[in-house]
Structures are given as structure tokens and as C-alpha cells.
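Visitor: Spelled out, the chains give:
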Amino acid sequence: MTNNPSQPNWEGYSCPMPLQHTSRIVLGHGSGGGMTHDLIQRFFLPAFENPILKAGNDGGVLDMLDGQRLSVSVDCHVVWPLFFPGGDIGRLAICGTVNDVSAMGADPKYLTAGFILEEGLTIDTLQKVIASMQIAAEEAGVSIIAGDTKVVEKGKADQMYISTTGVGVVRKGLLVGGACAQPGDQVILTGSIGDHGMAVICARGELGFTGDLVSDVAPLNWLVHTLIDAVGDAVHVMRDPTRGGLATSLNEIARQSGTGIVIEEHAIPVKPVVQAACELLGFDPLYVANEGKLVIIVRADKADQALEAIRACQYGKEAVRIGEVRDSPKGMVLLKTKYDSQRVVSMLAGEMLPRIC
Amino acid sequence: MKYLDEYRNPDLVKNALSQIRLSVIQPWVIMEICGGQTHSIIRSGLDQLLPPEIELVHGPGCPVCVTPLEAIDKAIEIASQKNVIFTTYGDMLRVPGSNFDLFSVRAAGGDVRVLFSPLDAVRMAKENPDKQVVFFAIGFETTAPANCMSVLQAKQLGLENFSVLVSHVRVPPAMNAILSSSENRVQAFLAAGHVCTVMGFWEYLPIAQQYRIPIVVTGFEPLDLCSGILQAVTMLEKGLYGVENRYERMVTREGNRHAQQVINQVMQSADRNWRGIGLFPESGWVLRPEFEKFDAEKRFQVQNIQTRESPLCISGKILQGLKKPDQCQAFGTLCTPQNPLGATMVSSEGACAAYYHYRKVGREEGTS
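If you're matching them up, the sequences are chains S and P in order. Taking this note's numbering, I'd label the letters of the first sequence as residues 36 to 392. Taking this note's numbering, I'd label the letters of the second sequence as residues 154 to 521.
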């Protein structure tokens with residue numbers, strides 16, 4: 036720095052070395068975005084490495100002896116607050132896992148549920164959550180066949196956490212997964228984005244504003260079933276864009292498949308109330324969590340048929356085509372703006388909204 | 154959505170762009186002051202759509218980027234203390250200090266909370282009388298009224314456990330410094346619409362006169378930006394200078410008088426170090442002596458903190474508009490939003506972050 040205060044030093048600017056956050060977990064490690072991926076790549080994958088895990092999909096797919104394939108997925112739920120417009124931790128715990136199993140092209144049948152309860156939680160709260168799980172499980176047509184309950188001392192957890200694991204049989208002849216996207220494929224989104232994340236953040240009551248924000252949390256297994264009935268193996272990828280939002284899911288798919296994905300800004304549905312809340316808080320809806328939406332990548336010749344089938348389903352009425360898969364730029368997502376310019380859509384970098392699901 | 158859709162209307166934007174193309178003859182360098190404008194330009198890809206004669210350079214108007222290292226280190230020092238609730242706007246958590254960032258403090262057990270309004274910190278102090286609540290009062294003129302209001306409220310409530318760590322900066326002295334630099338390339342400014350909403354634009358009249366330069370008060374939506382650029386280009390081509398307001402729906406010449414009064418009541422101007430650039434005379438605000446008891450620096454004895462920087466990044470040149478983010482060797486490789494080397498890569502308003510998120514394809518694919 037210069038000693039003369041009237042002559043600022045434009046040259047000598049320097050900054051500190053990067054902070055890698057290698058010694059402690061920070062909230063960004065749970066964002067579902069880049070930091071979570073780093074954690075998986077650096078610690079979990081090297082320790083547990085096997086081909087199923089390495090595929091990097093929402094669920095693992097196992098080959099059974101009789102030629103059938105089983106999709107297995109696990110999801111932990113730590114959402115705060117426990118209850119929010121449109122859902123609660125119980126409905127989320129069922130739907131989150133049902134959707135992950137479904138996204139592998141399977142029909143989910145059985146779930147297990149693990150409960151971590153904080154000392155002092157009211158039985159009334161627990162009952163409400165269980166009742167909500169029961170309703171969601173009935174809607175999805177899944178049975179909860181095993182469970183576990185642990186209680187920790189007051190202050191060692193925040194009310195309750197639920198972990199669910201689901202299994203389902205993958206439909207015959209189907210090969211879906213992030214790596215299966217091919218140039219020419221069309222990208223379909225089953226409805227508006229950002230509803231869940233903004234509903235939860237607003238339900239925390241810390242923002243000084245309220246709005247008609249309702250979570251989209253819903254089981255999507257019937258939608259997936261209907262879609263596969265209609266177009267079968269033309270479905271190449273399905274993913275539910277939860278934490279990290281649509282942008283992060285598309286980036287994962289682009290990386291896994293070595294393709295480029297180009298989406299069109301004007302085609303992506305965002306409810307005005309969600310857009311308004313995002314504007315106020317400086318969020319981009321592309322990065323806000325969803326719990327009742329799927330991004331589906333389908334062979335071009337079957338795209339119209341797929342859309343028609345999805346739109347016939349309860350949770351797919353607003354499905355739209357938002358873009359396509361291309362050869363390049365490999366591993367990247369581009370967005371064509373309303374003004375005909377083009378920009379990169381990157382993966383969520385750090386923490387955005389902790390404990391959203 | 155009212156006041157948004159109109160200003161993002163593709164047809165209107167395209168129309169404005171063709172007017173700019175018709176107006177421009179010579180090459181011009183225009184600086185948008187505010188990081189919010191940079192973000193919007195890169196996000197909408199306006200820079201790709203402008204005629205090649207117009208070069209937009211990105212100014213120092215990102216509060217996160219220019220908050221000096223010593224302020225970050227002081228924040229970390231205070232936030233690490235027991236019995237402290239340290240409150241801040243969200244972006245400040247990731248800005249690296251000499252050794253740590255506020256995320257690290259939180260992970261190590263510090264009570265660091267993100268707020269959307271400083272008045273929430275006052276409420277927190279009221280509800281936690283056994284804790285010290287500190288608010289990290291950073292920003293330009295835009296955040297100053299609310300930050301000052303928190304001090305006034307705390308005083309009114311007689312709170313003994315509330316204080317603010319102030320690192321406030323002002324736009325006009327930075328513009329003066331840029332224009333007086335021997336390396337200056339800037340021929341016109343898009344002044345920051347939100348800053349002018351608070352302060353008005355009377356402060357810019359002498360700057361425009363002294364340097365014979367167009368200064369156009371400009372908003373943040375694509376149509377606002379096109380309108381500001383068109384005004385600047387028209388003036389440049391005609392050899393006119395002065396201040397014009399193209400953010401009429403928000404800004405008046407006098408600004409928000411009440412907000413200015415609140416600022417003047419609580420703070421006074423002082424020399425301020427800008428991260429990456431250096432000291433500008435009278436370019437910041439500090440608490441007035443009568444509000445000294447709310448000054449966290451004094452309460453926590455962190456005035457003499459030692460900082461350490463290493464000479465890797467070129468944020469200073471980027472903030473002054475001498476370099477573009479992708480001209481930095483570290484851009485996108487050593488320096489990413491996950492591992493920011495400099496503050497310009499941290500905030501969503503930082504020019505490097507805007508380039509990284511929306512433009513890195515140009516670098517990786519060799520096309521743009």
C-alpha cells in the first residue's frame with residue numbers, strides 16, 4: 036500500500052490464500068452443490084468405492100440373481116421448521132426417498148424409517164408427523180417395513196430428524212441415470228421451480244414478509260410409472276432437483292454424461308410469488324430446492340409423447356420442454372436468455388439455505 | 154410482476170439495444186459503478202449484445218469486495234469471543250480474512266448469524282440481555298440508513314449489549330479517485346441507482362463538471378441498463394457532460410432526505426481503506442463520537458489487529474476497471490467461488506463471481 040493517502044495504490048492489491056475448509060465441516064458441505072460433491076469425491080468415494088456408488092445417481096441400482104434390478108436410495112431429513120405450508124418433515128421423508136427410487140426408473144414398494152428424536156419433543160408433534168407419513172405412504176402406495184428410534188439429550192438435536200431408505204424394482208429393459216443423456220435428447224421439467232425452498236424459508240418467519248408460498252412436496256412415482264408406460268426406454272435420465280435446484284441437477288447430468296445442456300430462460304416456469312420472494316432475497320430460482328418436480332431427459336422423437344403422458348398426471352400438469360442436450364460444451368449447462376444472449380449456469384457453490392429438506 | 158417484467162421485456166430491451174447501435178460511432182469506455190449492475194449485465198448477457206465500440210468496465214461498487222481485510226479480521230476476532238452473537242449480511246461469511254473466514258468461526262462454535270435487516274440484531278440484543286450482540290455494518294450509502302437506524306433504536310431502548318462493527322464506504326470519493334488516476338480509461342459512469350435513491354445525485358454534479366464527464370444515474374434491470382448506456386453514449390458522441398437521471402422511478406436530485414438525516418445523525422465521514430485499492434480520503438463513514446459506546450471496535454479492543462495478505466490476485470485492477478476478471482491467471486483455476494482468492498470472487502455482486510458463474514464457458518471452450 037502506498038503511504039500517500041491521496042494516491043491510492045491500484046497495483047499492489049493482494050488477497051489472502053484460499054480457505055479450503057478441510058479441517059472442519061461447514062454448512063456449505065451440506066448444500067447439495069459443489070462443496071457436497073467435493074466432500075463425496077474426497078472422502079466418501081475413496082473409502083467406499085464400488086461401481087454402484089461411483090455411478091453417482093440418486094439411488095444405487097443392484098443386479099439381482101433372477102435378472103431383475105433393484106433401486107435403493109436413502110435420504111436424511113433435517114428440515115426446519117418441521118411444519119411448513121404444503122408439507123412437513125414426515126411427508127418430505129416419504130416423498131424424498133420415493134422420488135429418488137423412482138428417478139432410477141423403479142416402482143418404489145418398501146421404505147424403512149429411522150427417527151432421531153430430541154428429549155422433550157411433544158408426543159403430539161410426533162403423532163402429527165407420523166400421521167402425515169402415513170398419508171404420504173398411502174398416496175405413494177409404499178409400505179414402511181422396518182424402523183428405528185433413538186432419543187438424544189435435549190439440545191443435542193433439533194426436535195426430530197428422519198432418515199428413510201427405499202427400494203423398488205427397476206422396470207424391465209430400462210437404463211436410466213445421469214450418464215445416459217445423449218446429444219439430441221430433449222429436457223423436460225414437470226412444473227414450476229423453487230416452490231419448496233421458498234415456502235420453507237418463508238415459514239421460518241424471519242423475513243419480515245409473508246406470502247402465499249406453498250411447498251410442492253409430492254410423491255412422483257405414479258408420474259414416473261405413467262411416463263415409462265408411455266415411452267419406455269426413450270427415457271434416459273430422471274432426477275429430482277432438490278438441494279442446489281435445477282441448475283445443480285442439470286450440471287450433474289452434464290458432467291456424468293459428458294454432454295452440454297442448453298436450456299431456455301423463457302421456458303422455465305417460476306410462479307410469480309416465488310419469483311418475487313427470490314427477488315427480495317437475492318436468490319436465483321434455478322438454485323432453489325424442489326421436492327415435487329422431476330427433470331426428465333428423453334429421446335427427441337418421443338418428447339411430445341412423454342410430455343403428453345406427464346401432463347395427464349396430477350403432479351405434471353404444468354410440464355414443459357425447457358431445452359436440449361448437445362455435444363458441447365461438455366460437462367456444462369448453458370442458458371439462452373430472453374434477450375438471445377447466452378450464459379453459463381454453474382453448480383451451486385456454497386451454502387444457500389441450510390436445512391431445507 | 155409489476156416493475157420487473159416491464160424492465161425485462163425482451164422486445165423493449167432489443168429495441169433499446171438497436172437504438173444504442175444507431176447512436177454509437179466512436180469507441181467508448183463506460184464504467185458501471187455498482188456490483189449489482191455488473192451482475193445484471195453479465196447475467197442477462199447484455200455485454201454480448203452491445204456494439205463492439207462500447208466497452209463496459211466493472212466498478213468498485215461491491216460492498217463485500219471492498220470491505221478491508223482488517224475489518225474482516227476484526228469481525229473474526231469479535232465473533233470468536235465467548236458470549237457474543239455476531240450478526241452479518243450473508244455474503245460476509247465467505248470473505249477470507251488473513252487466516253479464517255466467518256464460516257470457520259461458526260464451524261468452530263462461534264455464534265455467527267445471518268440477518269436480512271440490522272434491526273433484527275437490535276431485537277436479538279433485547280431478547281438476549283446476557284449476550285453481546287454485534288452487527289457487522291458494512292456497505293455503501295444504500296445500507297447506511299438501516300445500519301444507522303439500528304444504532305438509534307439501540308440507543309432509544311437503552312441497550313448496553315448492542316454494538317456495530319462499522320466499515321462503511323461512499324461512492325463519490327471512489328469516482329474521484331478513479332478519474333484522477335493517471336491510468337484512468339473511464340469516459341462515462343453509470344452511477345449506482347440504489348445509492349442515488351438514498352443520496353440523490355447532487356453529489357455528482359461537481360465531479361461531472363470537474364472531469365467533464367457524463368454521469369448517468371442507472372437502475373439494475375436490463376432495460377434500465379440499456380437506457381443508461383444509451384444516455385451515456387448519446388452524451389459522449391455529442392461531447393456533452395453532466396449528470397442525467399435514467400432511474401427516474403426511484404431517484405430524485407435530492408434523494409431521501411430523511412434517510413440522509415439518519416446517516417448524518419449517527420455517522421461522519423472519515424478516510425477509509427478499500428480492500429484491493431487503498432486509502433481514499435473521506436471515502437467512508439464512522440460512528441460519531443456521541444455514539445462511541447456502540448462501537449464494537451472499542452468495546453472489544455480490536456483496533457490494533459495485524460493483517461496478512463499475499464500478492465496473488467488482481468482485484469484492485471478489476472475494481473478500477475483496468476482488467477477484466479478473465480484476464481487474471483488465477484481466474485477459474487486457483488480462484489473459484491468455493492475457494493475465493495479475492496473478495497471479487499465471493500459476493501454475487503463481485504465481478505469475478507459474475508464472470509465465473511455466467512461466463513466461464515468462454516475460457517474453457519475457447520469461444521465466447
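Be a bit skeptical, because a hint or two may be false.
Said to hold, decoys possible - Stretch by stretch, here's where chain S covers chain P in the computed footprint (C-beta under 8 Å, at least three residues):
hint, stretch
1, 194–206
2, 247–260
3, 266–276
4, 505–512
No lab work stands behind these hints: they were computed from the structure. The beta carbon of each residue, even a glycine, is placed where N, CA and C say it ideally should be.
Visitor: It remains to establish, for every hint, whether it holds in the given structure.
Guide: Hint-by-hint comparison with the structure:
Check on the stretch 194–206 of chain P: 7 of its residues sit with their Cβ under 8 Å from a Cβ of chain S, so the three-residue criterion for coverage holds. A stretch counts as covered by a chain when three or more of its residues have a beta carbon under 8 Å from one of that chain; for the stretch 247–260 of chain P and chain S the count is 11, and the coverage holds. Restraint check on the stretch 266–276 of chain P versus chain S: 3 residues with Cβ-Cβ distances below 8 Å, three needed, restraint holds. Check on the stretch 505–512 of chain P: 4 of its residues sit with their Cβ under 8 Å from a Cβ of chain S, so the three-residue criterion for coverage holds.
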